[in-house]
Amino acid sequence: MPQEPLLSVSNLSKVYRHTVAVDGVSFAVPPGEIVGLLGPNGAGKTTTVNMILGVLEPSSGSIVIDGIDLQQRRSAALSCTNFAAVYAALPGNLTVEQNLRVFGMLYQVPSLADRIDQLLAQFELERFRGTRSGVLSSGEQTRLSLAKALLNTPKLLLLDEPTASIDPAIARTIRATIRSFARENQSAVLWTSHNMYEVEEVCHRVFFLSHGRILLEGDPKSLPGQHGAANLEDLFVQVANEQLHNGVKP
Amino acid sequence: MKVRRAGAVALRQFYLYSGSPTRVVPLFVWVAIDIVLWGFITRYLNRIASPGFNFVPALLGAVLLWDFLTRVMQGVSTAFLEDVWSRNFLNLFATPLTIFEYILGLVTTSIATSLVGLATMLCLATLVFGLSFFAYGAAILPFLLVLFLSGIALGIAATGMMLRLGPASEWFVWPLPAMLSPFVGVFYPISTLPLWMQWVSRLLPPSYVFEGIRAIVHGTTWNPGTLAIGFFLSAAYIAAAGLFFRHVFRVAVDTGLLARYSAESTT
Chain A
-18 MPQEPLLSVS
-8 NLSKVYRHTV
2 AVDGVSFAVP
12 PGEIVGLLGP
22 NGAGKTTTVN
32 MILGVLEPSS
42 GSIVIDGIDL
52 QQRRSAALSC
62 TNFAAVYAAL
72 PGNLTVEQNL
82 RVFGMLYQVP
92 SLADRIDQLL
102 AQFELERFRG
112 TRSGVLSSGE
122 QTRLSLAKAL
132 LNTPKLLLLD
142 EPTASIDPAI
152 ARTIRATIRS
162 FARENQSAVL
172 WTSHNMYEVE
182 EVCHRVFFLS
192 HGRILLEGDP
202 KSLPGQHGAA
212 NLEDLFVQVA
222 NEQLHNGVKP
Chain B
4 MKVRRAGAVA
14 LRQFYLYSGS
24 PTRVVPLFVW
34 VAIDIVLWGF
44 ITRYLNRIAS
54 PGFNFVPALL
64 GAVLLWDFLT
74 RVMQGVSTAF
84 LEDVWSRNFL
94 NLFATPLTIF
104 EYILGLVTTS
114 IATSLVGLAT
124 MLCLATLVFG
134 LSFFAYGAAI
144 LPFLLVLFLS
154 GIALGIAATG
164 MMLRLGPASE
174 WFVWPLPAML
184 SPFVGVFYPI
194 STLPLWMQWV
204 SRLLPPSYVF
214 EGIRAIVHGT
224 TWNPGTLAIG
234 FFLSAAYIAA
244 AGLFFRHVFR
254 VAVDTGLLAR
264 YSAESTT
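Keeping their order, the protein sequence lines are chains A and B.
Each residue of the first sequence is one higher than the one before, counting from -18 in our numbering.
Each residue of the second sequence is one higher than the one before, counting from 4 in our numbering.
There may be inaccurate statements among the hints.
[Claimed, not checked] Listed below are several chain B residues computed to face chain A (Cβ distance under 7 angstroms; list not exhaustive):
| no. | residue |
| --- | --- |
| 1 | Tyr18 |
| 2 | Ser21 |
| 3 | Ser89 |
| 4 | Asn91 |
| 5 | Thr98 |
| 6 | Gly215 |
| 7 | Val220 |
Calculated from the structure, these hints are not laboratory results.
All values derive from a computational prediction rather than experimental measurement.
Ideal placement from N, C-alpha and C gives every residue a C-beta, glycine not left out.
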């Protein structure tokens, strides 16, 4: 019997006046699955992520997180969600520990002090506990964002280019951390990235977005071959070129 | 409603104040300067005016109360601005935090910061200029309550305005109390105003506070029931300001402004 999806997106659209940013997107992510959301700049990835995070109202369609309709019960749905994004750094004027405590309280994390200790150790941030987040290197800030994203052990984790500014060694560790997190907690992960090697390594399934629509869907290892591309990066370039030829700026 | 989430909003502000003298010093310096300035003005006026009238409670008391309202309003709007300045909206509103909890957190912050200002003003006015504020005892509390509620309403409305108009609109917010002050009769009776201004003043809760305080200081008759009008008006304005903020928030979520707030507009 198939598992109930932790994230169910149905016919989701976002229209800004005359611009269609997301156009009838539907997909589901079951527990334990890591899904890659790929596409050129402007394809609608971040718009989709923002709608799932409840900070952008869809023009139509529905988002259900762990059986809870986001539009009907926003707070309850977001309780079991968390995210890290390269463009959403935590307040730089709070220390690492203060940031984790404030967001831990916002997510109502039980035994918060212990959870913070655990995450500081996991992301090798212990020595920065009392350091203001704004003076951390970009890689350290990314690790802090990821620690924040795992605070409430979310059933749905959204990662928007989570390894964009970190070195390959730490990126590899983070990929392993997210993989084991999804496996052990049976959490669903939606991952956007422009690093095709990373996507191939981490994601069980990928969606290619173009012009706000899902163009392709499948296993990142077999999908390129099915579409005559040598690898995922070539397939990405094909999709991006198709978008270019249709007059959309990348 | 989860108190812990509202507490998180207030705790963030506490962390900011505890680690930053540049945030703490303005909590008492500006009000102290106001009290010192007006304290000496009232001393001078007492010297040159005809004997029998004491300007200290009439002017210095009025300045103290008006500054209290201003600090309450700024307590709410500055706490909101901290999230604007640190570009924290996406992180904050992608959590389960509700609008009510967020506003409650801002108000809690304002209670703490405005009490610091009030304590500073009371100490200076009492010890240096002999304002016998405590002589009124608990009778002063309803007046302070109406001013506090008015400041909260004004603060929430101001944050809604900033959310709607973008970060640069903070410059509209700071002069808001000054714009209201001519109507509420901080230093003069409402009857001094032209008729149309008197009609406006009747809609503003602080008018009832200053009319009442003036009557007590001058020993004239005054109907305490009018303060109840001020109380109900300020409570209604808080509810209206909360609804306004919620509406603006929904518009910001709908247009995408919340996720791209620094752009000031999505059109």
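Quick rundown of the hints versus the structure:
no.: 1; hint: Tyr18; in the structure: holds, 5 angstroms
no.: 2; hint: Ser21; in the structure: violated, 9 angstroms
no.: 3; hint: Ser89; in the structure: holds, 4 angstroms
no.: 4; hint: Asn91; in the structure: holds, 5 angstroms
no.: 5; hint: Thr98; in the structure: holds, 4 angstroms
no.: 6; hint: Gly215; in the structure: violated, 41 angstroms
no.: 7; hint: Val220; in the structure: violated, 44 angstroms
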